[in-house]
Amino acid sequence: MEMSRLFVIFLSAMLVNNFVLSRFLGICPFLGVSRKLDTATGMSLAVIFVMTVASVITWFLNQLLLLMDIPFMRTIVFILVIATLVQFIEILLKKVSPSLYEALGIYLPLITTNCAILGLAILNVQQEYTLMETIFHSIGAGAGFAIALIIFATIRERMDLYEMPESFKGLAGALVTAGLLSMSFMGFQGLVRL
Amino acid sequence: MLEYLKTGLVLMAITLVAGFALSLIYELVKEPIAEAELQEKLQAIRTVLKDYATSEPIMNEDKIPSDSESLDRFTWDPEGFVAEAGVIYTSPSIRGAVYSPVYRFELPDNGQVFVLVGESQGYGGPVSIVSSFIVRDGEVILNGIEVIEYAQETPGLGANISYDEVKERFYPVERSGLQAGLKVDKDAGVSPTTDTELMNRRRREEGIIQTSDVMTGATITANAVINALNLMYEFLSEAGVLQ
Amino acid sequence: MTDKRRMIIRQGLFEQNPVFMQALGMCPALATTTSAVNAIGMGVATTCVLVMSNVVISIIKKLIPEKVRIPAYIVVIASFVTMIDMLMHGFIYELWKTLGLFIPLIVVNCLILGRAESFASKNSTGLAFLDGLFMGMGFTGALFILGSVREILGNGSFFGMQFSEVKLFAFVLPPGAYLALGLLAAFFTFVSGKLSKSSKKKD
Numbered sequence: 385m386e387m388s389r390l391f392v393i394f395l396s397a398m399l400v401n402n403f404v405l406s407r408f409l410g411i412c413p414f415l416g417v418s419r420k421l422d423t424a425t426g427m428s429l430a431v432i433f434v435m436t437v438a439s440v441i442t443w444f445l446n447q448l449l450l451l452m453d454i455p456f457m458r459t460i461v462f463i464l465v466i467a468t469l470v471q472f473i474e475i476l477l478k479k480v481s482p483s484l485y486e487a488l489g490i491y492l493p494l495i496t497t498n499c500a501i502l503g504l505a506i507l508n509v510q511q512e513y514t515l516m517e518t519i520f521h522s523i524g525a526g527a528g529f530a531i532a533l534i535i536f537a538t539i540r541e542r543m544d545l546y547e548m549p550e551s552f553k554g555l556a557g558a559l560v561t562a563g564l565l566s567m568s569f570m571g572f573q574g575l576v577r578l
Numbered sequence: 348m349l350e351y352l353k354t355g356l357v358l359m360a361i362t363l364v365a366g367f368a369l370s371l372i373y374e375l376v377k378e379p380i381a382e383a384e385l386q387e388k389l390q391a392i393r394t395v396l397k398d399y400a401t402s403e404p405i406m407n408e409d410k411i412p413s414d415s416e417s418l419d420r421f422t423w424d425p426e427g428f429v430a431e432a433g434v435i436y437t438s439p440s441i442r443g444a445v446y447s448p449v450y451r452f453e454l455p456d457n458g459q460v461f462v463l464v465g466e467s468q469g470y471g472g473p474v475s476i477v478s479s480f481i482v483r484d485g486e487v488i489l490n491g492i493e494v495i496e497y498a499q500e501t502p503g504l505g506a507n508i509s510y511d512e513v514k515e516r517f518y519p520v521e522r523s524g525l526q527a528g529l530k531v532d533k534d535a536g537v538s539p540t541t542d543t544e545l546m547n548r549r550r551r552e553e554g555i556i557q558t559s560d561v562m563t564g565a566t567i568t569a570n571a572v573i574n575a576l577n578l579m580y581e582f583l584s585e586a587g588v589l590q
Numbered sequence: 007m008t009d010k011r012r013m014i015i016r017q018g019l020f021e022q023n024p025v026f027m028q029a030l031g032m033c034p035a036l037a038t039t040t041s042a043v044n045a046i047g048m049g050v051a052t053t054c055v056l057v058m059s060n061v062v063i064s065i066i067k068k069l070i071p072e073k074v075r076i077p078a079y080i081v082v083i084a085s086f087v088t089m090i091d092m093l094m095h096g097f098i099y100e101l102w103k104t105l106g107l108f109i110p111l112i113v114v115n116c117l118i119l120g121r122a123e124s125f126a127s128k129n130s131t132g133l134a135f136l137d138g139l140f141m142g143m144g145f146t147g148a149l150f151i152l153g154s155v156r157e158i159l160g161n162g163s164f165f166g167m168q169f170s171e172v173k174l175f176a177f178v179l180p181p182g183a184y185l186a187l188g189l190l191a192a193f194f195t196f197v198s199g200k201l202s203k204s205s206k207k208k209d
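Chains as they are written, first to last, in my numbering: chain R, 385 to 578; chain G, 348 to 590; chain L, 7 to 209.
The following block holds chain R by itself, in its conformation from the complex (with noise of 0.2 angstroms):
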């Protein structure tokens, strides 16, 4: 039960309820970082990474500021700690591991304004998942996001091949692209049954 359970939580999050397609968080990156392939890949993997580590960590602290009982320093106490986490992390990267420094460096000082992230861990505290639950639920969105966000990036490296009317290049074009690839992950819908 508990095992089936987390599985729900991790597929639901990752395409019946994804993150960009239908929750719409994470916009931004998602019509800014998806004109090329790698750079999109490169991305998903910073989010997927950020995403888990700061529901984690968040988790903990939303269990302070209930003993504390300030429930209202949530947001500020949220969006601190992931900007400093991911300065940190940008940090410790350079020093461990230049070579994923090099690939998703510049990647990093983007998220902190990613809605995902802070989304995320509001709707962790808001479904009061448990700590196990929320990795799940952390990892499936960022799944999520990185499938939504990689498929997106393939159908615009080639719309860019293809004549289109003035006014559609360029945002227009890829909402609309975006939208119809919403309406193929509404097909998810009856998936999990909850």
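Don't take every hint at face value.
[Stated by the list, open to error] Across the chosen pairs, the derived CB separations fall in these ranges:
#1 L/Q22 / G/G536: 51 to 59 angstroms
#2 L/Q168 / R/R419: 36 to 44 angstroms
#3 R/I490 / L/F196: 29 to 37 angstroms
#4 L/K200 / R/M570: 33 to 41 angstroms
#5 L/F20 / G/S370: 36 to 44 angstroms
#6 G/P425 / R/I490: 58 to 66 angstroms
#7 G/E426 / L/F97: 36 to 44 angstroms
#8 G/E426 / L/I98: 40 to 48 angstroms
Since the hints were derived computationally from the structure, they do not count as laboratory data. Ideal Cβ placement from N, Cα and C applies to all residues, glycine included.
Since the structure of chain R is already known, use the hints to place chains G and L on it.
Frame of chain R; chains G and L shown alone:
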């Protein structure tokens, strides 16, 4: 080093000022927030305390609670259940929760009304409902429901749950229907009917809730309500009030 | 000076419209525009935060060391967001429930941090106030247009008033948000392209 200390101190000062300002506002809005939530609950309780057939209050109007004090008097503590973090009952088989406290009202004719608040998972978030079960002469009937939280459901589909004509599809249900477990028509494998009598009989006796025609085929939100209701029924039977 | 003010107003509402032109604050623009009322609610909440944070940041800009500039801005913005969140919870409970998660997420709306960094930290308090107000109104306007289009097409109603039985449900569902915004953005690009062409011809 000194520089680091200075920047750290400035940031700390800003956070402290912010925290102080926020705690002031928190104190200020605490009461309106509690009041808004209480009013919503009281309104919902008033709604489910209406008779399903006549829409008249099932008990004396001035006995129906109108503030938190008079509501507290009807709190019911079933034996063997301990409320934990505001939840009195969860089940391994049905997703959702029954909230604490649970209310019990005595009827003039020896009957009892149990008013429960509970939730289950909808499309975008939790769907919370208030329901009333009337137990009288060894019979039980689901008398009414009110949906208090459906904000994350899709407008035009799941959010239709807030319309009276949709809510009315969920009650009344008799013991046989409740025991069979409520389900939507799609899951029961029957096709929607325009014959009101047949639809009502299916619901009362077999627990088949027809919503597909009024919710444009959306089932997730309807299922959330149904899960919550099934859970509430399970709670009542485990509490031993349905003999 | 009045010229500068006029420019701020024009840029906020049209030329640098946060949603249609700069693609800022897309998450709330897509997520909360299922109806015209929700769109306005979100727009006004964001505008309040934007105006207040712009004003405060332009006042304290000299006190903040360069290094912790961004975290300091974030704290200021987050405080105002929490304030709005609590006030809405207490006084407009229904709307608060509908907007849900997206109220705390105003913190990471790139529009607000963007204006703090690029405008409020460099300009006088009066101008920062004006900039916040009109950028916010541009944002609210864009959300309102999107919310109206989605509600009219998707639910056959406007401000909750039902007038049509034709309902294209896709428009209230997530894909419709992308499609509607994409089509509106194309329309705006088309119109502004035509306008700038004709004004060039005149010159």
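Taking the hints in turn, this is what the structure says about them:
1. L/Q22 / G/G536: 51 to 59 angstroms: At 57 angstroms between Cβs, range holds.
2. L/Q168 / R/R419: 36 to 44 angstroms: Check passed, 42 angstroms falls within 36 to 44 angstroms.
3. R/I490 / L/F196: 29 to 37 angstroms: holds, 34 angstroms
4. L/K200 / R/M570: 33 to 41 angstroms: holds, 35 angstroms
5. L/F20 / G/S370: 36 to 44 angstroms: Taking Cβ atoms as reference, L/F20 and G/S370 lie about 41 angstroms apart, which means the hint holds.
6. G/P425 / R/I490: 58 to 66 angstroms: holds, 59 angstroms
7. G/E426 / L/F97: 36 to 44 angstroms: Holds, since G/E426 and L/F97 (Cβ atoms, about 41 angstroms apart) stay within the stated range.
8. G/E426 / L/I98: 40 to 48 angstroms: holds, 41 angstroms
Violated hints are absent here; each numbered hint is respected by the structure.
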